[in-house]
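K.L.:
Chains A and B, in that order, give the protein sequences.
Taking our numbering as reference, the numbering of the first sequence is continuous, increasing by one, and the terminal residue is 240.
Taking our numbering as reference, the numbering of the second sequence is continuous, increasing by one, and the terminal residue is 1196.
Where hints are given, some of them may not hold.
[To be verified] Here are the computed lysine-lysine pairs in the DSS-like style, where the Cα-Cα straight-line distance is at most 25 Å: (1) A:K23 <-> A:K12; (2) B:K1064 <-> A:K23; (3) A:K88 <-> B:K1004; (4) A:K12 <-> A:K36; (5) B:K1184 <-> A:K23; (6) B:K1004 <-> A:K12; (7) A:K205 <-> A:K88; (8) B:K1174 <-> B:K1184; (9) B:K1004 <-> A:K205; (10) B:K1064 <-> B:K1184; (11) B:K1174 <-> B:K1148; (12) A:K12 <-> A:K88; (13) B:K1148 <-> B:K1184; (14) B:K1174 <-> A:K36; (15) B:K1148 <-> A:K36; (16) B:K1174 <-> B:K1064.
[Unchecked claim] Below, a sample of chain A positions facing chain B; criterion: calculated Cβ distance under 8 Å: (17) I13; (18) P16; (19) A27; (20) R28; (21) I35; (22) F65; (23) D68; (24) G87; (25) W98; (26) D111; (27) A198.
[To be verified] DEER-style ranges, computed between Cβ atoms: (28) A:R11 <-> B:G1037: 31 to 37 Å; (29) A:D215 <-> B:I1159: 24 to 30 Å; (30) B:R1081 <-> A:P182: 28 to 34 Å; (31) B:V1152 <-> A:P182: 55 to 61 Å; (32) A:G150 <-> B:K1148: 48 to 54 Å; (33) B:S1153 <-> A:P148: 33 to 39 Å; (34) B:P1045 <-> A:P185: 53 to 59 Å; (35) B:D1043 <-> A:E179: 23 to 29 Å; (36) A:L217 <-> B:D1146: 36 to 42 Å; (37) B:D1038 <-> A:P16: 33 to 39 Å; (38) B:R1165 <-> A:G150: 34 to 40 Å; (39) A:K23 <-> B:E1034: 30 to 36 Å.
Simulated from the structure, these hints should not be mistaken for laboratory data.
Don't be surprised by glycine CBs; every beta carbon is placed ideally from N, CA and C.
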Amino acid sequence: MTENVLSGWNRKIQPPAYTPDYKSSRARSPRQPLIKPNFRTSETDGPVFFQGDLGPNDNNLLCNFYHDGDPIGERILVFGRVLDENGKSVPGTLVEIWQANAAGRYRHLSDDYLAPLDPNFGGCGRTLTDEDGNYSFKTIRPGPYPWPNGDNSWRPAHIHISVFGGEFAQRLVSQIYFEGDPLIPLCPIINSVPDRPAINRLVAKLDMDASTPFDCLAYRFDVVLRGPASTLFENRLEGN
Amino acid sequence: MSGKPIQTVSQTAGPFVHIGLVTPQAGFEVYENELGGDIALPDIPGQRICVEGAIYDGNDEPVKDAVIEFWQADGEGRFARPNANDGFRGWGRVGVDFETGQWRINTIKPGPVSEAEDTVHAPHICLWIIARGINIGLNTRLYFDDEKEANVSDPLLSIIENPERRATLMASSKAENRYHFNIKLQGDNETVFLDI
Ligand SMILES: [Fe+3]
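Excised from the complex, chain A in its bound form (with noise of 0.2 Å):
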C-alpha cells in the first residue's frame, strides 16, 4: 500500500529537538510527538534547480565577493559526493554553503564580535552537483568565534552546508568541521549528536590527493541524504 519509500531519519543518531546544553534550544524545541503520516505525501517531490539559476562563480568564495584584493586566510578546497543511503549519486541537487571569515566574523547585520570583516570575503556559496553526485567550493578556512551560550563558549571552525536532494522531504542543513580541531569535543552544538561516530563523520578529512601545490590544502566531506528505503531486489545486488 505504501508508495512513501524514502528512510525514515534514524533518531538514534539524528539530534533530538530539546538539547539544553545548547540553550537556545530549550524554548525553541516541540514538546509534542510528531505525527507520521503512513501515506504518500506531498513532501516526497521537491523543488528543481537548473544551470541557469547560478553564476559562474558562485561557488568560489575567493573571488566571489571581490572588491580590491583575494580575502585573507588559508585558502582551501571543500569538495565531497552527495549520495543517498543506498550509495546511490545524487546528481544537481543545489548544495549551498556560509561560513565566518578567517577572522572567525560573519558578514552579517546581527554579528557584532570585534574580529574584522574581511572586505574580500562575502562568506556563501552554492553550487549544482553534478552527475556523479560531486560539488566543491574554493574558499578559506573560517576561524573560530565566541558565542554567548555559556561564559565562555567558543564555536569551533565550521562551514553550514545546505542541501536539497530529490525530495522535500530529504532537505538537510548541517555543519562541516574541520579535522583536528580541539574546540569539536567542548561544542554542545556537536553535542546535540547523541553518536559519536555521526559526529565524526561531520568532520572533513584532509586530502592531500586533492589538494593543488602552491595553491590550496583540499578537505574532503561527504553528505549522505536519506535514501529509498533498501527493498528486497535492492539487498541482493548490493549483498553480492
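Use these hints to put chain B with the ligand onto chain A, whose structure you have.
P.N.:
Quick look at chain B with the ligand alone, frame taken from chain A:
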C-alpha cells in the same frame, strides 16, 4: 567505504543562516539571481494569495531569525516536475523579519492533490523551518480554513485526533485572498510537526 552509507546528521542553521540562504537580508549581495522569491511567477494561472504570519517560541517570544521554505502544488494540484518549463517552481523561502518577527509570501492557492488509490489531499503548502536552536529542520503543513469540505477528508488532518491540534495547521482567511498562519514551536497551541 565499507557497508551501507549512513545518513548525515543535522546541525542547527544558526543565527547567521541568512548569509547563505537569503543573502540580502544579511546586509550584502553576492548572487545575481536570488532563489526563493518566485514560488509562482505572475503569469502562472491561479488564485493569487498572500499568506503572512509569525513564529513564536515556548516563551511566546517571536522567533526573529528563522528561515522558512515552502513547497506546494499549482492551482490544479500538480507539483513542478523536472522538465516543467512553465515558470512554476512551487518552492520558495523567506527569512522572518528581524524587527517584527513577521513573514509573508505571495503565491497562488494550491489545488487539491490527488494521490494514487483515490486519496485526495486538501489544498496545502508544505513548510520547513530552520533557525538557531532548531537542531533538525521542522516540517509542517499549512491548510486553508475556507476549504472546510476538502479538509474533512484530508488524510493527514484525519490522523490528528485532537481537533485543537488539527487547528494549528489552519491558515485563517482574513480578507479576500489574504491568509494568516502563525507557527508555535513549543507550549500551548504548539504547531503539529511531521515526521516525514
Ligand atoms: Fe556558524
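K.L.:
Looking at the structure, which of the earlier hints fail to hold?
P.N.:
Per hint list: 14, 23, 29, 30, 33, 35 and 36 violated.
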